[in-house]
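Participant: If you read the protein sequences in the order shown, they are chains A and B. Note that this note's numbering numbers the first sequence so that position 290 is 290, with each residue one more than the last. Adding 602 to a residue's 1-based position in the second sequence gives its number in this note's numbering.
Source of the hints: derived by calculation from the structure; they are not laboratory data. What you are looking at is a predicted structure, and each value in this text was computed from that prediction instead of being measured. For glycine and all other residues, C-beta sits at the position ideal for the given N, C-alpha and C. One should not assume that every hint holds.
[Said to hold, decoys possible] Cross-link-like lysine to aspartate or glutamate pairs, in silico, EDC-like; alpha carbons within 20 Å at most:
#: 1; chain 1: B; residue 1: 1016; chain 2: B; residue 2: 996
#: 2; chain 1: B; residue 1: 959; chain 2: B; residue 2: 713
#: 3; chain 1: A; residue 1: 166; chain 2: A; residue 2: 112
#: 4; chain 1: B; residue 1: 746; chain 2: A; residue 2: 394
#: 5; chain 1: B; residue 1: 644; chain 2: B; residue 2: 841
#: 6; chain 1: A; residue 1: 54; chain 2: A; residue 2: 187
#: 7; chain 1: B; residue 1: 855; chain 2: A; residue 2: 146
#: 8; chain 1: A; residue 1: 149; chain 2: B; residue 2: 852
#: 9; chain 1: B; residue 1: 914; chain 2: A; residue 2: 146
#: 10; chain 1: B; residue 1: 746; chain 2: A; residue 2: 389
#: 11; chain 1: B; residue 1: 855; chain 2: A; residue 2: 394
#: 12; chain 1: B; residue 1: 966; chain 2: B; residue 2: 693
#: 13; chain 1: B; residue 1: 959; chain 2: B; residue 2: 922
#: 14; chain 1: B; residue 1: 855; chain 2: A; residue 2: 157
#: 15; chain 1: B; residue 1: 668; chain 2: B; residue 2: 971
#: 16; chain 1: B; residue 1: 746; chain 2: A; residue 2: 312
[As the list claims (entries may be wrong)] So the derived label-pair ranges between C-beta atoms look like this:
#: 17; chain 1: B; residue 1: 675; chain 2: A; residue 2: 120; range: 28 to 34 Å
#: 18; chain 1: B; residue 1: 784; chain 2: A; residue 2: 107; range: 44 to 50 Å
#: 19; chain 1: A; residue 1: 543; chain 2: B; residue 2: 917; range: 53 to 59 Å
#: 20; chain 1: B; residue 1: 971; chain 2: A; residue 2: 108; range: 25 to 31 Å
#: 21; chain 1: B; residue 1: 844; chain 2: A; residue 2: 397; range: 50 to 56 Å
#: 22; chain 1: A; residue 1: 75; chain 2: B; residue 2: 784; range: 41 to 47 Å
#: 23; chain 1: A; residue 1: 475; chain 2: B; residue 2: 922; range: 54 to 60 Å
#: 24; chain 1: B; residue 1: 671; chain 2: A; residue 2: 335; range: 35 to 41 Å
#: 25; chain 1: A; residue 1: 80; chain 2: B; residue 2: 900; range: 52 to 58 Å
#: 26; chain 1: A; residue 1: 359; chain 2: B; residue 2: 675; range: 30 to 36 Å
#: 27; chain 1: A; residue 1: 335; chain 2: B; residue 2: 686; range: 34 to 40 Å
#: 28; chain 1: B; residue 1: 1016; chain 2: A; residue 2: 229; range: 37 to 43 Å
#: 29; chain 1: B; residue 1: 681; chain 2: A; residue 2: 132; range: 31 to 37 Å
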Amino acid sequence: MKTIFRRPRALAVLVLLALSVEAPVSPALAQTAPTPKTKASTAPRSTPMTGREKTLHALNRLGFGPRPGDVERVERMGVSAWIEEQLAPDSISDARLSPRLAPFSTLTMSSETLYDTFERPIREARRQKKAAAGAAGQTTAMSASETAKADADAFEEIRNRIPPEKRPRRVIEELSAARVLRAAYSERQLNEVLVDFWMNHFNVYAAKGLDRVLITSFERDVVRPRIWGRFEDLLLATAKSPAMLFYLDNARSVADPEHRPALPARRLGRFASAFARPATPGGADSIPAKRKGGLNENYAREIMELHTLGVDGGYSQRDVTELARVLTGWSIDPQRGEFRFRERVHDAGTKTVLGRTIPAGGIEEGEQAILILARQPATARHIARELCERFVSDAPSQALVDRVAARFTSSRGDLRETVRAIVESPDFFAPETYRAKVKSPFEYVVSAIRASGGETEVRPPLLREIARMGEPLYLCQPPTGYSDAATAWVNTGALVARMNFAIALAANGVPGTRVDLARLVDAKDAADPKRSIDALARLLIGGDLSEETRATILRRLGDGAGAERRPADGAAPGEDTLVPVDRTPLSLIAGLILGSPEFQRQ
Amino acid sequence: MTSPNSMNRRMLLKTTGMALVAGGFLPRVFVRMAKAGTPPSKRVLVAIFQRGAVDGLNVVVPCGEKIYYDARPSIAVPRPGSSDAAAAALDLDGFFGLHPSMAPILPYFRDGSAAFVHAAGSPDVTRSHFDAQDFMESGTPGVKSTADGFLSRALVANKGENGSPLRAVALSPTLPRMLSGAAGAVSMTNVGEFGIRAGAGSAAASESFESMYADAVSGTLGGTARESFDAVRILKSADPAKLAPANGAEYPKGPFGNSLKQIAQLIRSNVGLEVAFADVGGWDTHAGEGGAQGQLSNRLRDYALSIAAFAKDLGSRMGDVTLVTMSEFGRTVRENGNRGTDHGHANVMLLLGGGVKGGKVYGKWPGLDASHLYENRDVAVTTDFRDVFAEILEKRMGVADLSVVFPGYAIEEKKRLGVITT
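Okay, chain B solo, but in the shape it has when bound:
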C-alpha cells in the first residue's frame, strides 16, 4: 500500500492535478510533466464485457458445420451465398461466416485490423452468469477468494505507469470487478458531468469534500474519494466531453455507443488513459433469439455499429488502441424449446485495433459433433481467455510479469495464438 512506487504515483498525480486546476492548462502540460517522471504510455486497452453470455455461434458462425444447421432449425444464420442475400452470413474464411448485423466490423476484418478468437473461454465449468463473470474478471477461474481484478493487477505490474488518475476508467455506474484493486480506477457514466455541481460554490464544496474524505477516512471510502477528486481535476481541465466524434463517425444512440464515444473522447484528450472498460448487456437469449433477424440481431447491430464508430472516430489513433471483447460463456449448440439457447461453454472474442494481426479467425475449432462437445451440449473451450489477454498485456501494454496478473496459471509460449504483433 505504501510502497515507494505508489507514493510516487500519488505525489505525481496530486501535483499535476493541482497544477492543472490552478492554471487551467491544456493536457499537453500534464503529459510533459508526467514525462519528467516516467513516460506515459500512449497505448490503450479497451476491454468490453458482453454481460449475459452472447451466443458466439451466431456471431461468428461455423457455416461449414452441417451439425450447426441441424441443431438450430429456427435460429441458424444461413450460409454465405444462400438465396436470401440479406440474411446470409458474411464469409470470413470459407468456414466461418459473420452475422449480417456484424457487417460494420467486416471492413476491419478484411483490412487486417480485426480478428476473432473462437472457442475461447474460461476453463471453469460453471454456468452461472455471476460466477462465470466473476471468474473471468478476477482472472482466476474456480478461485472465489481472489480479491482484485486481473486488469487492476496488470496495471500494478505495468512498469510504464504514468501516474494519471485516469489510467483506468470504466464507463459504468459501478466499478467492474476486473478493475477493482490496488491500481485504482475511476468509474463514471458521464465524462462531462463528472464533478461537484454546486453552482458558484462548486470549487469550494469540492475542496471541502476532498478534505473531509482525505482526513477522516481510511479504507475504501477514502481511497475512492481521493481517486475521484484527482480525476475530477484532470477532467475539468481537459474537458473531453467537448470533443465531437471525428472523421464523420456516428455512434448509435444507446448506452453502449455512448460509452465508447466517451472512451474515444478520453483517448483523444490525452488524459493518460491506459485501460478503459465498458459493458453491454442484453445477450441472455433464452427465448426468441432469432437468426439473421430478431433479438440477437438487433443487439449485434448496436454492438457492431458502436465499435465501428469508435474505430472510425479514432482514425489513425486506433493504432495505439487495442479493443477486445469477452462474454462469460457461450450458449448451447442446440436451440432450446423457445427458439433460444441456454447457458453453454466456449465463446468468441473480437480483437480490433493496434497490434492485432487481423483478417483471421484464431483458435483451434473443436467441432460440433457429439464426441467433441462439452458435456454433449456446448462448444468446448480450446483457448483459455487468459492466453488472449496475456498476449495483449505483454506485447501491447508492456506487462512483463504475467504470473502476477494470472496467478496459478502457466502462460506458455506454445499456447500463444500469435494474434498480437507488437
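Same shape as in the complex, but just chain A:
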C-alpha cells in the first residue's frame, strides 16, 4: 500500500515538469513524504488495554465519548463502578439536562395535541386548496410534467399558508435536537446509546404520513420506558404503538370481508386516515358499513425478519400470512391516536404460527403470538448479535453471541442482564476491540461536540450535517434501520462531510454551536505548536494520536497556516453552510484532530 501511494507523489512533480505547466507547485505538494513511523492507533493490537485505555474504551462504547474531565473522573471512581452506575441510570442525577430540553415544547405534547397543532392545519389548507380548485373547474387534461409542476406549486402554496412554527417539520426537528442534546449532555450515557440502538431496531420512518405526529410518543412513551426491562414487553409495546402500526401498515390490515360481521356506519375521527380511505367529497365522514379490505402482511413480515427471529430465523411465507391474520384489527383509535383493537375487523379463524396453533379469539391471539416470537431461540440469537455488533465489533465472535444469547434466554429477555453479559464478557475489553469500530455519523458528531467541550442548541444546520454523513435522524425509510457496520459509513462523500464538520466545529463555524478551545488549553501550552498539539490530542482523543497525524499537523502549522483571520471566501456565516470563523492555531489543530482517522474510531 505504502509504495503505491508514495511513488506517484514524486511522479506528480515529474509529470508537472514534463508538461511544462506554468503553475506554482505548492510546498505541500512538493514536500517529500515523511518517513514511515509507527501506526499507533490503527494496527490491530495484542497487548492488553491499560487502565486509562479501558476508561476511554468504556466511555466511547457505552457512551458518546468523553467530555473534558470525564476520563479523570471515571478513573477516580473506577471503570467498573462507572459501568455499574450506567447500568442503573435511574440512580444517576440528570438535573442539568432538563433546562436544555425546555425550549422544545413538542417533546411533551400528546399525539392528539401534535395532530391538532401540526397536522390539522396542513390538512385544512389542502382541503381548502382542493375545494378552490374544484370551484375553478380545473378539468383540462395535463401532461405529466404539467401535472408534476401543478402538484409542486400546490404543495408550495399549501405550505406557505402555514406559519413555519406550525409546520410538521418542527416535530422531527425538535425530536432530533433532543436526541443530540441528550446524547451530548445526559449523564445517563449508556441509556442514550441504548435509546439509539432500540429506536433503530424498531425503526419508524417519521416522514411517512401521520408518523410525523406519532413518533414523539413512540420514543417517549413506548421505547424509552422499556429499554431496561424485558424484551417481550418492549416488543409488545411497539406492536401496539400507533407509530409502528401506521408505519408498517398493520393499522389497515383487516380480515377478509366474508369473515366480518356487517355493522352500521360509524363516525370517523382525527386519526382515521391511518386506516380508512378519505371520505368521498361532500359525503359524510363515515365508513361504509360493508367496507372492503383485507390482509396486509407488511408488519407481520418485518416483526419476524427484523424485530425478532431474524431473516434466517426459520419462518415461512405461510407464517407471515398467518401472523398477519392474527394481527388483524390491531389498529389506531381514530379520535385519540392511541392503540385500539378493532374486533369487528379481526379474522375469526384459527391460525398456526411457527407450528403453534392459535385458537380463534380476540386481542389475546396477537399477544400470545408476540410472546411466542419473543421467546424463540432465534430471537435471542438475533438480539444478542445486534447488541454485540453495537458494543463490541462489526463481526462479533460466535462464542460471544452465544454467551449473550444464553443470558438473554436465562434471564427471560431481561435487557439489563443482556447488556451486562456483553460488558462482562472477555471480548468487551479485548485488545483488538480498542478503537476498532468506526463511529456512526450520529456518534461522530456528538462525540466531537463532547470532546471539545462544545455548547450547542442544535439548530437545523447541525442536523443537516448528520444527514449529510448518511444518517438523517428519524428518517431512515426502510424498516431495517441504519447499519451498525463501518462499511455503511465509510465512503467518500461521508468522509469528506466528516472532515468539513470537524474543521467547522473547531472554528466555530457550525451555527448554534460554540467551542472555546482557549479555555481548555493551558496558556503556556497554547503558546507552543508542539505543546498545543499534545494538549489537544490529550483532550480530544485521550492522547491516541499517531505519530503520522501529529507530524502532519505540525507541518501544517509550520506552513504559517492559522495566521489568517478573514472570513472564508468572503462568505458570511449562514444557516445553510458551515463557514469556519476562528482561524487560530488551536482551532486548526482541533479541526485536524477531530477529522483525523483516529477520531473516526471508537
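Go by the hints and put chain B onto chain A.
Facilitator: Showing chain B alone in chain A's frame:
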C-alpha cells in the same frame, strides 16, 4: 490488492489528479493523459435501483390479461382506448400498456431507444427487501457471504479501464453494495460541494487530511480517503456543477431528478465516468397504491420525468450511455385488503439509451393464471436479471469474463434476450 494493474491505475490517477489541480486544466488534458496509458471508455452504464419493490404490473401493464383486471378491482390501470382517456394505459405492443405517468418514456420506446424486460428478477425466493436488494447488488442470489458488489467486479474485470478516480460514482449518501469492492467507487450527494471547505485554508487542510489518512491508515478508512481526495481534485478542476442542463431539459425537483442531473453533469464534463448509480425510493405500496392516479402514479411521474430529462439533457451523447433500472422484487398480482400490494416476485426492468434495441417488451411472459403464478400469488421470474446485465456488460462495457462478475452462474447464449446490440 497490489497487482501490477492496480498499481498502474493508482499511479496514473494520482499523477493526473495532481497535474489537474496544480495547473487548473480542463478535463481534456486528463483525457489526453489517460490515453497515453489505456484509452478511456466513453461508454457509461447508469444503474438505477428502485428500492422498496416497485409494482411492475402497474408500470408495464399486462392489459391483455383479464386476470390482471379481476385481481385488482381498485388499482388496475385501464386498457388503452378505455373511456377515461387520461387514465388509460399507453399501448406498447397490443398486449402490454404503459402506466400513463410513464408517458415521458413513451417517445423513447417508440423511437426504438427504450425497451422493457418483463417478468425479470432474482431466482431467490426471499421476500425480504433487505435480502433481495443485497442479493441483487452482490449479483449472487442466495449467497450471503459475497463480499463485493457485481458492478465493482465488472469494473475490475473490465480491461478498458481508464484509471479515473471517478470511474464509478454513486449519487447517494452511502456507497451502495453494488459498487463496493476492489474497484473503488465514489459516493456523494452533491457534486458541486464535494471537497474540503475551510475557506482560505481549504487546500492546505485538504492536503493535511490526505496525508494523515494515507500515512496512518490501512484498510477501509485509508482506501476510501485516498479515493476521496483523488476525486476531489478532478472535480475541483472539471467543475461539473457549473453545467446547466442542455437541450431545454427540465429535471423535476426532488432527490432522484437531482441525482440524474448530476450524473449528466459528470458525463458531460468527461471526468472518466464509466458506471453511475442512483437509487430512488417510495415504492413499497402496501396500502393506497392507486391505479392511474395516486401514490404509485405520483412516484412514477417523478421517476419518468427525471429519466426523460436525463435523456434529453444528454442528447446525442445518450448514444454512449445505457441506463438500466431494477427493483428487488415485484408485488403480488392480487391487490391486498388496503388497495395496495404485498411483496411478490418478478418485476419489470427499463433499458434506455446507447445499444438498446428498443421499442419492445422483452422476456417470456409467464401469464397470470393460477397455474403459472409463483406460489399462487406472484408473477414468476422468466428472465434472470443477471442475463440482462450480462448483455450490457459484455456488449457495451467490454467485460469479457462474466464468470467473475456472476460467479456460479452460467451465462448461456440461449438465455440472451438480444436487447443490446453493440
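Participant: Are the hints correct? Go through all of them and say.
Facilitator: Results of checking the hints against the structure:
no. : hint                          : verdict
1   : B/1016 with B/996             : holds (15 Å)
2   : B/959 with B/713              : holds (10 Å)
3   : A/166 with A/112              : holds (15 Å)
4   : B/746 with A/394              : holds (16 Å)
5   : B/644 with B/841              : holds (19 Å)
6   : A/54 with A/187               : holds (19 Å)
7   : B/855 with A/146              : holds (13 Å)
8   : A/149 with B/852              : holds (11 Å)
9   : B/914 with A/146              : holds (17 Å)
10  : B/746 with A/389              : holds (18 Å)
11  : B/855 with A/394              : violated (37 Å)
12  : B/966 with B/693              : holds (18 Å)
13  : B/959 with B/922              : holds (14 Å)
14  : B/855 with A/157              : holds (16 Å)
15  : B/668 with B/971              : holds (9 Å)
16  : B/746 with A/312              : holds (11 Å)
17  : B/675 with A/120: 28 to 34 Å  : holds (33 Å)
18  : B/784 with A/107: 44 to 50 Å  : holds (47 Å)
19  : A/543 with B/917: 53 to 59 Å  : holds (58 Å)
20  : B/971 with A/108: 25 to 31 Å  : violated (57 Å)
21  : B/844 with A/397: 50 to 56 Å  : holds (51 Å)
22  : A/75 with B/784: 41 to 47 Å   : holds (43 Å)
23  : A/475 with B/922: 54 to 60 Å  : violated (36 Å)
24  : B/671 with A/335: 35 to 41 Å  : holds (38 Å)
25  : A/80 with B/900: 52 to 58 Å   : holds (56 Å)
26  : A/359 with B/675: 30 to 36 Å  : holds (33 Å)
27  : A/335 with B/686: 34 to 40 Å  : holds (37 Å)
28  : B/1016 with A/229: 37 to 43 Å : violated (59 Å)
29  : B/681 with A/132: 31 to 37 Å  : holds (34 Å)
Of the numbered hints listed earlier, those contradicted by the structure are 11, 20, 23, 28.
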